[in-house]
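K.L.:
So the chains spell out like this:
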Amino acid sequence: DAGVIQSPRHEVTEMGQEVTLRCKPISGHNSLFWYRQTMMRGLELLIYFNNNVPIDDSGMPEDRFSAKMPNASFSTLKIQPSEPRDSAVYFCASASSGAEKLFFGSGTQLSVL
Amino acid sequence: GIQVEQSPPDLILQEGANSTLRCNFSDSVNNLQWFHQNPWGQLINLFYIPSGTKQNGRLSATTVATERYSLLYISSSQTTDSGVYFCAPLTGGGADGLTFGKGTHLIIQP
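Going down the list, the protein sequences come from chains P and C. Per our numbering: the first sequence = residues 1 to 113. Per our numbering: the second sequence = residues 1001 to 1110.
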């Protein structure tokens, strides 16, 4: 199994640009999570999906952030427009069912200049 | 939401030493997981342990749900054990997201 796959690994962009992060969960997993990690706030849950349906997006910072899961094997997290304070590592994770072990991707290091 | 407190925040040990990391949480849980974030940033799931004790090689974990704490034991530490150890409990059911503690930063010196 290839594990959770995220792309890109690194993204450097300028303030105001649109950023799209991508995630492919482990095949057969029906729950997908987006986390953000910063030194100040640690690991924060942004949004999670169950069976491709967004269940809780209360962690999404503001309307500039949006996430989609068009099918069981793909999800995107979009930031538009991006701001320097969005700089962080964004992790995608998946699990086989509600309360099972969580597996993380390698993360996307985002730098907004 | 649930409050998670991990201790100690930082720990420096010599290779071969044993250590115990603690996680206290504020509510009853039906899921608790331990993760290791290595120096390259990768998050590895160590244990899924809502209650009881589990062992995996030199690592073991115990969760006493009634007293709202979990312990991670590392024996015969190796330099590759360095990194940050996170505890992540979950109070809800279904596909709710885990809440992460701030972690214990462990450095194993050769």
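Derived from the structure by calculation, the hints contain no laboratory data. This structure is a prediction, so every number in the text was calculated from the model and none was measured. Wrong hints could be hidden among the right ones.
Unchecked claim - Simulated pairs of lysine-lysine, BS3-like, Cα-Cα distance not exceeding 25 Å:
no.: 1; chain 1: P; residue 1: 24; chain 2: P; residue 2: 101
no.: 2; chain 1: P; residue 1: 24; chain 2: P; residue 2: 78
no.: 3; chain 1: P; residue 1: 101; chain 2: C; residue 2: 1102
no.: 4; chain 1: P; residue 1: 101; chain 2: C; residue 2: 1054
no.: 5; chain 1: P; residue 1: 68; chain 2: P; residue 2: 101
K.L.:
Could you tell me which of the hints above the structure violates, numbers in ascending order?
P.N.:
none
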